[in-house]
Amino acid sequence: MIRISFYITALLISLVLHGQSSLETYSGSFDSVSLETVIKDIETQTGYRFFYRQEWLEDIQISVRLEETPIPEVLNTLLANTTLTQYIENNQVILANNTTITAVPAISSFFDKSRSAPELEKGFVFSREYLAGQTEDIDNAVYEIGSRNKFRQGASSTIAGYVREKDTGEPVEGAFIFIEDPFTGTSSETDGFYSLSVPNGKQTLLIQSVNMKNTQRNLIVLSDGKFDINLEVDVIALNTVVVDANREVNVKSAQMGLTKINVESVKEVPVLLGEKDIMKVATTTSGVQTVGEGSAGINIRGGKADQNLFQFDGSPIYNTSHFFGFFSVINSDAVESMEIYKSGIPAKYGGRLSSVFDIKTKELNKEKFSGKGGLGPVTSRMMVEGPIFKGGPSFMLGARGTYSNYVISKIKNSSLGNNRASFYDLVGKIDYKINEKSELSLSGYYSFDSFRLSSDTLLSFTNFSYTNALLSFNYKYMLTDRLHASLNSGISRYDYRIGYEQLASQAFNIDFNAQEAHAALSLDYFFSDQLSYRFGLQAKEHRINPGKKYPTGVESLITSDKVDNERGIEYSPYFSASYDPEGRFSFYGGARYSIFNVLGPGTEFKYLAGGSRVAYNRTDTVNFNAGEIIETYHGPEFRLSSRYSLNESTSLKASYNRTRQNIHLLLNAASIAPTDIWRLSSGHIKPQIADQYSIGLYKNYYGKHVIETSAEVYYKDINNLLDFKVGADLQFNKSIETEVLQGNGRSYGLELSINKSSGWLTGWINYTYSRSLIQLDGDFPSETINDGNFFPTGYDKPHYINSITNYKFTRRYSMSLNVVYASGVPVTYPVGKWSFRNVENLYYSDRNKFRIPSYFRIDLGLNIEGSHKIEKLAHSFWTFSVYNVLGRDNIYSVFFTVEEGEVSGFKLTVFPNPIPTITYNFSF
Amino acid sequence: MKWSATIGFLILGIYSCVEPYKIIPVETERVIVVDASLTNETKPHITRLSYTFPIDESVEIPLSGAEVTIEDEDGAVIQLSEVSPGQYQTDSSFAGVVGKKYMLQIVTPDNLVIFSAEEELLAPSPIDSIYGRYISLPHPETGILRNGIQFYVDTHSDLYPSSNYRYEYVERYELRVPFPSEYVWSDESRDYTSRFPPVGICYASEKSNELIHGTTQGLTENRLSELPVRFIEDIDPHLYYRYSLEIRQYMIGSATYKFHKKLKEINEAGGSFFDRQKGTVFGNLTAENSEDIVILGFFEVAGVSDSKRVFRPSEFSPEGFEIHKTDFCWSNANEDVFDTVALGGLYDFFSFFSNRNKNIYTILPFPIDMAVVAPVGCSDCTFWEGDLNKPEFWN
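Chains A and B, in that order, are what the protein sequence lines are.
Per numbering that gives the first Met the number 0, the first sequence runs over residues 0 to 923.
Per numbering that gives the first Met the number 0, the second sequence runs over residues 0 to 394.
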C-alpha cells in the first residue's frame with residue numbers, strides 16, 4: 000500500500016516537475032509560526048513550489064530571520080532540527096519525512112568509479128565512549144564488529160550477514176551495501192546474504208535498495224564479523240529506477256547459461272486462456288524451446304524433454320503439465336522465482352542431462368494475512384498466506400482448478416459429448432524462523448489430472464489420470480558466521496493410470512508410478528568475500544513401478560500382471576569453490592561423483608553374444624534378490640565456469656559441465672505423452688552422459704536504463720542417448736531392452752539475447768540457432784537408423800526466435816506482445832507405397848529427413864490494473880489477451896493414414912484461430 | 000463458433016483442425032516387397048513379389064522372373080511357379096503340415112537371394128461364433144457417433160497357452176436397385192427385348208482391406224471374445240437386405256502378430272499430440288550377405304479356419320436397430336435423370352452419348368407407348384459390381 004502511494008506521489012511529481020533552475024534568494028522574519036506558513040510565504044515570494052504531506056509539518060514551529068538567503072540554504076536552516084529532508088529539482092522542492100531522497104542511486108555512482116579499494120588507514124577510537132549515550136535511533140547508533148583481540152590496524156575485515164525487511168523478516172535481494180571512502184560495495188543475494196571487505200576502523204555502512212528506506216550504520220570494524228541489517232519499506236523513486244541484481248550478475252558472475260524468472264514478470268506476458276504461467280514465460284527466454292501448442296516437453300539446447308530437472312523447493316516434479324501441456328502444473332502465485340541453468344550447471348545439481356529448473360516457493364508474509372487469485376474462462380486460482388499467530392510460523396495455501404467438464408457439458412450436438420478433462424492442484428508451505436541462526440520450511444504439492452477420450456486409435460486407451468505429489472523439507476542453520484548448513488529432504492511421487500473399457504471382455508487398467516526419496520546436506524563456507532566453498536552429499540532412492548495391469552469389471556478376461564519394479568540408489572558427493580577476486584577474473588570449479596546402484600529384486604534377460612537383442616536370441620534369465628546389486632554405474636561430473644572482464648560492462652565467460660542421467664522417460668515422440676513411462680538405468684540401459692562446452696560474451700549498456708546483451712555458443716556431446724526402434728511397443732513391456740536403442744547425440748548452437756528490464760518499454764528478443772543430432776549405428780538392420788549416420792532428432796529446430804515486449808502506457812495500463820518463430824520440426828515422410836495383404840502400406844524416408852513448415856505466432860496482451868487507492872479492500876487487475884492474433888495455421892504435425900486400403904495425408908493444426916481471453920486477478 | 004464451444008474444444012486439447020495435406024510425391028526408392036503365405040489348406044499357396052511404387056499412383060509394380068521356393072525343416076523343397084507377373088504359387092495339391100517349420104527363399108533375376116526366418120505352422124482353432132450387436136461407435140476421424148452393427152468373432156484354443164490371430168473377411172450382401180431394367184435396347188436390331196437375366200437383385204461382395212488381429216496374450220484363458228471385425232453403419236446399403244460375413248482366421252506366431260500390429264499402428268496412427276516416430280516396419284525377410292538392402296513384407300505361415308454366417312437386418316430390430324435407407328443409386332447428378340421416351344424415338348435417344356448407359360426400366364403400353372428410361376445406377380445392380388448369381392449358402 001505504501002508502495003502504491005509512493006508510485007502515485009512519484010507519478011505526480013514526474014508530471015509537475017518542470018521549469019528552470021534559478022538561484023533565487025529569500026528574505027523573511029518569523030517568530031513561532033508553523034513551518035507551513037513559512038513555506039507558503041516562500042512560495043508567494045519566489046518561483047519555488049513545495050510538495051509535502053501536511054501532517055509532517057503540523058507540529059513544527061519556526062522562529063527565523065533570513066536576509067537574501069539562497070533557497071537551498073533557507074531550507075537547510077528551516078529543516079535543521081526536524082526529521083524532514085529535502086530534494087530540489089529545478090524550482091520544485093520535495094519534502095520527505097525520515098527519508099533520504101536521491102536522484103542518482105548509489106549503485107550508479109558505483110559503476111562510475113573504479114572498484115579498486117586502497118586500504119586506507121582509518122581513525123579509530125580505542126575507548127568505549129562511543130557506546131555511551133546510544134540512542135534508539137539505529138541509524139546513529141554505533142556497532143562493534145568482530146573482536147578487539149583480533150584487531151589489526153591497517154588490515155581489512157569481512158563483514159557478512161543478512162539484509163532483511165524489518166517488518167516481515169523476509170530477505171531483501173539486490174540491496175546495495177557500500178562504504179563511500181574507499182568506495183566499495185556489494186549487493187545482497189537471493190536469501191539476503193551479503194559479505195563485504197572493508198578497512199578496519201570507523202566505517203559508515205550505507206544501504207540502498209529499491210522500495211526500501213535508505214539507511215546507514217555506524218560501525219567500528221575490529222575483525223571479521225557478522226552484521227545483519229533490517230530495512231524499512233519505502234520507495235525512493237523520483238526517476239524510475241529498478242535495481243535488478245541480475246543485470247549485474249550478467250556481466251559480473253562466473254555463472255553462464257542462467258535465466259532467472261521473477262514471478263512479477265509473469266504478469267506481463269500474454270497468456271493462453273488467462274492462466275499466468277511461469278513455465279510458459281520460461282519458454283519465451285533464450286534457448287528454451289517447445290515443440291508447439293499442446294506439447295508438454297521443453298527442449299533445452301538440443302536436449303530431450305526428459306533431460307530437464309524440475310525442482311520444487313528441492314524435490315523433483317515428474318510431470319510439469321496439465322491438459323496435454325496447455326497449462327503448467329505450477330501455480331505461479333505460489334512461486335517466488337525460477338532459475339533455469341542451461342550450462343555451467345553448479346555441482347549441487349545432478350541427475351538430468353540438459354538443464355535444471357529450480358523453482359522456489361514464495362517467501363511468506365510474516366506480518367499479515369493476504370491473498371491473491373484469478374478468475375479465468377477455464378480455470379480459477381486462489382492463494383492465501385500469513386502468520387499462523389503473531390511471531391509464529393507463516394503458512395501459505397494455494398489451489399487451482401478447472402471447470403472444463405461443466406463447459407463441455409454445455410456444448411450441444413458435438414462429438415465431444417463423451418470426452419472429459421479436468422485438473423486441479425494444491426500447494427502449501429509452512430516456514431518458521433526459529434532464531435537468528437536457523438529456520439525451517441516444509442512445502443507440499445499435489446496435482447491431479449484426468450481425462451477421457453472417446454476414441455483414440457493411437458493410444459488405444461480411453462481413460463487417463465495422473466498425479467504429482469511431493470513434500471519438501473528445508474532446514475537452514477548458521478553454524479558460524481562463515482559456515483552455513485542446509486538440509487533438504489523430501490519425497491516426490493508420480494502416479495498414473497491408463498484404462499481401456501471399450502470392450503468389456505478386455506477392460507483393464509494399468510497403474511504406474513515413479514518415486515524419489517532424497518536427502519541432501521549442503522554446506523557453504525565463506526572463506527572471504529572473494530572465496531567461498533560449497534560441498535555436500537546427496538542421496539536419492541528411485542523406485543519405479545513400470546506397469547501393473549489388472550482387469551476392470553466382472554466381464555473382463557484380462558489377467559492381472561505386472562512388470563518388475565525397479566529400484567536404484569544414487570549417492571553424489573560434491574565440492575565446489577567459487578573464487579571472485581576484485582579483478583578481471585573469477586572462477587567456479589566443482590566436481591560431483593555419481594554412484595548409481597541398480598538394486599534387486601529383479602529379473603534380467605541375457606542375450607546371445609553377437610546376436611541382436613530380440614526375444615528369440617534370449618539365452619538366459621538371471622534373478623536377483625531384494626537389495627542385491629544388479630549393476631553399478633559411477634563416474635565424476637566436473638563443472639567449471641569462469642569469467643574474464645574485458646571492462647566494467649563487458650565480460651567473456653567459458654564453462655564446461657558433465658552431467659549423468661539414470662532415470663529415463665521412454666519418450667517416443669517429440670512431445671511428452673501421458674502414457675510415457677519412466678525407467679531406470681539397468682543392466683541393458685546405460686546411463687546417459689553429456690559433456691557441454693560453452694563460451695559467452697556479455698555486454699551491458701548502461702544509460703538511463705540498462706540493456707543487457709549476450710551471445711553464447713555451445714557444443715554438447717551425449718553418450719547413450721535413448722531412442723527406439725520403429726513401432727516400438729513401450730507399454731507394459733517386460734523386456735524393454737528389445738525396443739530401446741542407445742546412440743551418440745550431438746548438439747551445438749548459438750544463443751543471442753537482448754534484454755531491457757526497466758523503463759516504460761521492457762522486454763527481450765532472443766535468437767537461437769541450434770542443432771540436435773543423433774546417431775544410431777547398431778550391428779543389425781533393426782538397430783541401425785539412417786545407415787548409422789547422424790540425423791536430426793525429432794525436436795531439432797535450427798532457427799528459433801522468441802520475444803516479449805511490454806509497454807507501460809501509464810501505471811495502470813500496459814500492453815505486451817509475444818512473438819515466436821521456429822523452424823518446423825523434422826518428420827519422417829512416406830516416399831512410396833507397398834501392397835501387402837490387400838492393403839496399401841507406407842514406405843518411409845530416412846528418419847526425420849523432411850520438415851514441417853515453420854511456425855510463427857504473435858500474441859497480444861493488455862493489463863489494466865485497478866485503482867491504486869490505498870484504502871481499497873482488494874487490488875485487482877484485468878488481463879485481456881489474444882493468442883495467435885494473426886490466426887496463422889501453424890502445422891503441428893503432418894501424418895498419413897491408410898484407410899480402407901488407401902493412403903491419405905493430413906495436417907494437424909492447433910489453435911488455427913485467434914483466441915481471446917479475459918481474466919480477473921485480485922490480491923488483498 | 001460459439002464462445003463456449005471454443006472453450007470446450009480447447010479444454011480437451013483438441014481445439015485443433017485436421018485437414019487434408021497434399022502428399023508431395025518424391026522419388027520413390029525401389030524396394031522389394033514380399034507378400035507370402037502358407038497355410039494348412041490344400042490349395043495353391045501364393046507368394047506375390049512386387050516393388051514399392053510412387054505415393055500418387057495406385058498400381059503396384061510386379062517383380063517377375065524370380066525363383067521362389069519354400070523349404071520345410073526336413074529339407075524338402077517346394078517350387079513355386081509364376082502364374083502371372085509377380086504372382087507365384089505352389090501346386091494346388093500342396094498343404095502345409097501343422098507343427099512343421101518352413102522357410103521361404105527367393106532368388107531375384109538380379110541374383111539377389113532373399114530368405115525368411117523359419118516359421119512354424121501352428122494348429123488352427125475353430126471360430127466359435129460370429130455375431131453382431133447394435134452399438135454406437137465414434138468415427139475414427141471426426142469422433143462423431145455413428146449407429147450400426149458391430150460384428151464380432153469369438154474363438155479359443157486348447158492347444159496353446161495363448162494364441163495370436165489374424166483375420167480376413169469376405170462380406171456379401173444383397174443389393175437391389177429401385178428401378179430394375181425390364182428391357183434391353185439393341186442398336187443393331189433397333190428394338191428392345193425383354194431382359195434376361197433380371198438385373199434387379201445382385202450379390203455384392205467385398206474383401207477386407209484392413210489389418211485385423213487379436214491376441215490372447217495376457218488373458219486368463221486362451222479365449223478371445225468380442226474381437227471386433229467389421230462395423231456397418233445403419234445408412235450403409237450392406238444391411239438393407241441379407242448380409243453374410245465369411246471370416247478366415249489365421250493362427251499366427253507372436254513375431255507375425257507383432258509385425259502386423261506395428262504395421263497397423265504405423266498405418267493408422269496420427270493426428271494426436273503424441274504421434275510416435277514413423278518409419279518402415281521390417282518383417283522376417285532379409286537379403287543374404289547384404290544387410291543394407293531393405294526387404295519389405297512377411298512370410299506368414301499359419302493354420303487357417305473359416306466360418307460364415309448370414310444375417311438378416313430384422314435380427315437386430317429387438318436391439319433397436321433401424322435401417323436408414325438412402326437413395327444410393329444416383330451416381331452422377333447431371334446425368335442421373337429419368338426420361339420418358341416415345342417408343343419411336345428410342346433409337347435417337349440412345350444415339351446420344353450421354354444416354355448410352357441408361358436402361359429401359361419399363362414400357363408403358365398402348366395407348367401411351369412410351370419407355371421409361373432410368374439411370375444405370377438405379378436400374379442395373381451389376382453397375383455396383385454385384386454378381387447376379389446367388390451364393391449357394393444364401394438361403
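There could be a bad hint or two in this list.
A partial selection of chain B residues facing chain A, derived with a Cβ cut-off under 10 Å [as the list claims (entries may be wrong)]:
#1 Tyr20
#2 Asp34
#3 Thr38
#4 Asn39
#5 Lys42
#6 Asn110
#7 Leu111
#8 Val112
#9 Ala116
#10 Leu262
#11 Lys263
#12 Glu287
#13 Arg308
#14 Val309
No farther apart than 27 Å at their CA atoms in a straight line, the calculated lysine-lysine pairs in the BS3-like style are these [as the list claims (entries may be wrong)]:
#15 B:Lys260 to A:Lys733
#16 B:Lys307 to A:Lys733
#17 B:Lys263 to A:Lys561
#18 B:Lys21 to A:Lys548
#19 A:Lys359 to A:Lys39
#20 A:Lys561 to B:Lys257
#21 B:Lys21 to A:Lys906
#22 A:Lys605 to B:Lys260
#23 B:Lys307 to A:Lys561
#24 B:Lys100 to A:Lys548
#25 A:Lys848 to B:Lys206
#26 A:Lys547 to B:Lys307
#27 A:Lys165 to A:Lys212
#28 B:Lys100 to B:Lys324
#29 B:Lys307 to A:Lys605
#30 A:Lys906 to B:Lys261
#31 A:Lys225 to A:Lys548
#32 B:Lys99 to A:Lys848
#33 B:Lys324 to B:Lys21
#34 A:Lys547 to B:Lys42
#35 A:Lys698 to A:Lys605
#36 B:Lys100 to A:Lys906
#37 B:Lys261 to A:Lys547
#38 A:Lys548 to B:Lys257
#39 A:Lys755 to A:Lys212
#40 A:Lys548 to B:Lys307
Hints were generated in silico from the structure; no laboratory data involved.
Cβ atoms here follow ideal geometry from the backbone N, Cα and C, with glycine treated the same way.
A quick look at each hint next to the structure:
no., hint, in the structure
1, Tyr20, "4 Å, holds"
2, Asp34, "5 Å, holds"
3, Thr38, "13 Å, violated"
4, Asn39, "18 Å, violated"
5, Lys42, "17 Å, violated"
6, Asn110, "20 Å, violated"
7, Leu111, "15 Å, violated"
8, Val112, "16 Å, violated"
9, Ala116, "8 Å, holds"
10, Leu262, "6 Å, holds"
11, Lys263, "9 Å, holds"
12, Glu287, "13 Å, violated"
13, Arg308, "20 Å, violated"
14, Val309, "23 Å, violated"
15, B:Lys260 to A:Lys733, "18 Å, holds"
16, B:Lys307 to A:Lys733, "38 Å, violated"
17, B:Lys263 to A:Lys561, "26 Å, holds"
18, B:Lys21 to A:Lys548, "41 Å, violated"
19, A:Lys359 to A:Lys39, "52 Å, violated"
20, A:Lys561 to B:Lys257, "20 Å, holds"
21, B:Lys21 to A:Lys906, "9 Å, holds"
22, A:Lys605 to B:Lys260, "26 Å, holds"
23, B:Lys307 to A:Lys561, "38 Å, violated"
24, B:Lys100 to A:Lys548, "34 Å, violated"
25, A:Lys848 to B:Lys206, "36 Å, violated"
26, A:Lys547 to B:Lys307, "38 Å, violated"
27, A:Lys165 to A:Lys212, "11 Å, holds"
28, B:Lys100 to B:Lys324, "51 Å, violated"
29, B:Lys307 to A:Lys605, "46 Å, violated"
30, A:Lys906 to B:Lys261, "22 Å, holds"
31, A:Lys225 to A:Lys548, "60 Å, violated"
32, B:Lys99 to A:Lys848, "43 Å, violated"
33, B:Lys324 to B:Lys21, "34 Å, violated"
34, A:Lys547 to B:Lys42, "45 Å, violated"
35, A:Lys698 to A:Lys605, "56 Å, violated"
36, B:Lys100 to A:Lys906, "45 Å, violated"
37, B:Lys261 to A:Lys547, "23 Å, holds"
38, A:Lys548 to B:Lys257, "20 Å, holds"
39, A:Lys755 to A:Lys212, "26 Å, holds"
40, A:Lys548 to B:Lys307, "35 Å, violated"
Comparing the model with each earlier hint shows violations of hints 3, 4, 5, 6, 7, 8, 12, 13, 14, 16, 18, 19, 23, 24, 25, 26, 28, 29, 31, 32, 33, 34, 35, 36, 40; every other hint is respected.
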